Amino acid sequence: MKCGDVNDSEPLAISLVRESTTIPVPAVRRYLTVNGNNAIVMDYILGQTLENCWGQLGFWRRLRVVWTIRRYIRQLQRVLVPGTPRSKQFPGRIGNEPQLCYGPMFSVYGGGPFASYDELTSWFMHKLDVNQRIKKTPVEDFTFDSSLPLVLTHLDLNPRNLMIDHDSYVWLIDWEHAGFYPQWFEYVAMLNGWEMLGRWRGWILGFMAGLYRRQTSFIAKISWAIETGHFL
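Residue numbers for the sequence shown follow the working numbering, so the first one is 134 and each next one is one higher.
What the hints contain is simulated information worked out from the structure, not anything from laboratory work. Please note that a few of the clues may not be correct.
What the hints assert, rightly or not - Computed beta-carbon distance windows for the label pairs:
| no. | residue 1 | residue 2 | range |
| --- | --- | --- | --- |
| 1 | A248 | R151 | 25 to 35 angstroms |
| 2 | V167 | S301 | 30 to 40 angstroms |
| 3 | G362 | R195 | 35 to 45 angstroms |
| 4 | P218 | F192 | 43 to 53 angstroms |
Just so we're clear, the structure is a prediction, and the values are computed from it rather than from any experiment. A virtual CB, placed ideally from N, CA and C, is assigned to each residue, including glycine.
Construct the entire structure; sequences and hints are all you get.
Okay, here's the thing in structure tokens:
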């Protein structure tokens with residue numbers, strides 16, 4: 134059971150993944166409220182997190198895990214916002230209406246809700262403007278890339294959220310931040326972890342999630358405005 138700061142977008146995301154992909158995820162048995170706190174009852178996965186067992190894996194096992202994650206991300210990126218033209222799509226966590234967005238791109242304060250892709254773009258461009266005015270970030274040809282579609286994104290895909298079970302299946306857990314975001318968000322979010330990959334980290338993450346260096350540079354340029362200058 135997962136309880137406390139739980140949003141109904143997480144069981145919705147898990148259900149969508151189970152319906153639309155072959156990615157192993159825990160089955161949600163029930164979503165309920167207990168003493169004012171939300172809770173998700175789901176299957177318990179026996180195994181180790183990739184974070185804990187990576188050092189015990191041989192070269193070929195590691196390679197298999199990397200290929201598996203790449204395949205999972207490709208499956209997620211084929212899941213688009215259902216049945217709506219781009220002008221009516223809203224990014225963020227899954228639900229019937231726009232919700233606050235959380236994750237590495239939004240800091241602990243969150244962002245949104247965003248009623249459209251254009252609103253998401255404007256929010257990030259405002260952060261660039263804040264950074265340029267307060268931190269005197271050089272005015273360069275940086276812009277938020279809204280050319281790619283909104284796709285299903287885990288947004289916290291790191292080794293502690295990957296479980297290796299006793300049959301060597303790779304499970305993806307903790308869908309708290311998941312939702313529909315620009316295709317390149319997964320790669321940028323993954324840069325916040327995976328230190329155990331060492332000097333090959335950037336290349337391997339690019340292989341798994343696609344390499345988005347220009348978009349990464351944009352987020353790096355506005356990082357102060359996202360975190361410290363969030364309310365400006």
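For this session: Hint says 43 to 53 angstroms; check whether the CB-CB distance for P218 and F192 agrees.
Result: For P218 and F192 the Cβ distance comes to about 47 angstroms; the hint holds.
Problem set entry | Verdict for G362, R195 (Cβ pair) under range 35 to 45 angstroms | holds (39 angstroms)
Exercise. Honestly, do V167 and S301 meet the 30 to 40 angstroms range at C-beta?
Worked result: Holds - the Cβ-Cβ distance for V167 and S301, about 35 angstroms, lies within 30 to 40 angstroms.
Exercise. Is it true that A248 and R151 lie within 25 to 35 angstroms of each other by Cβ?
Worked result: holds (28 angstroms)
Every hint, counting from the list given before, is met by this structure.
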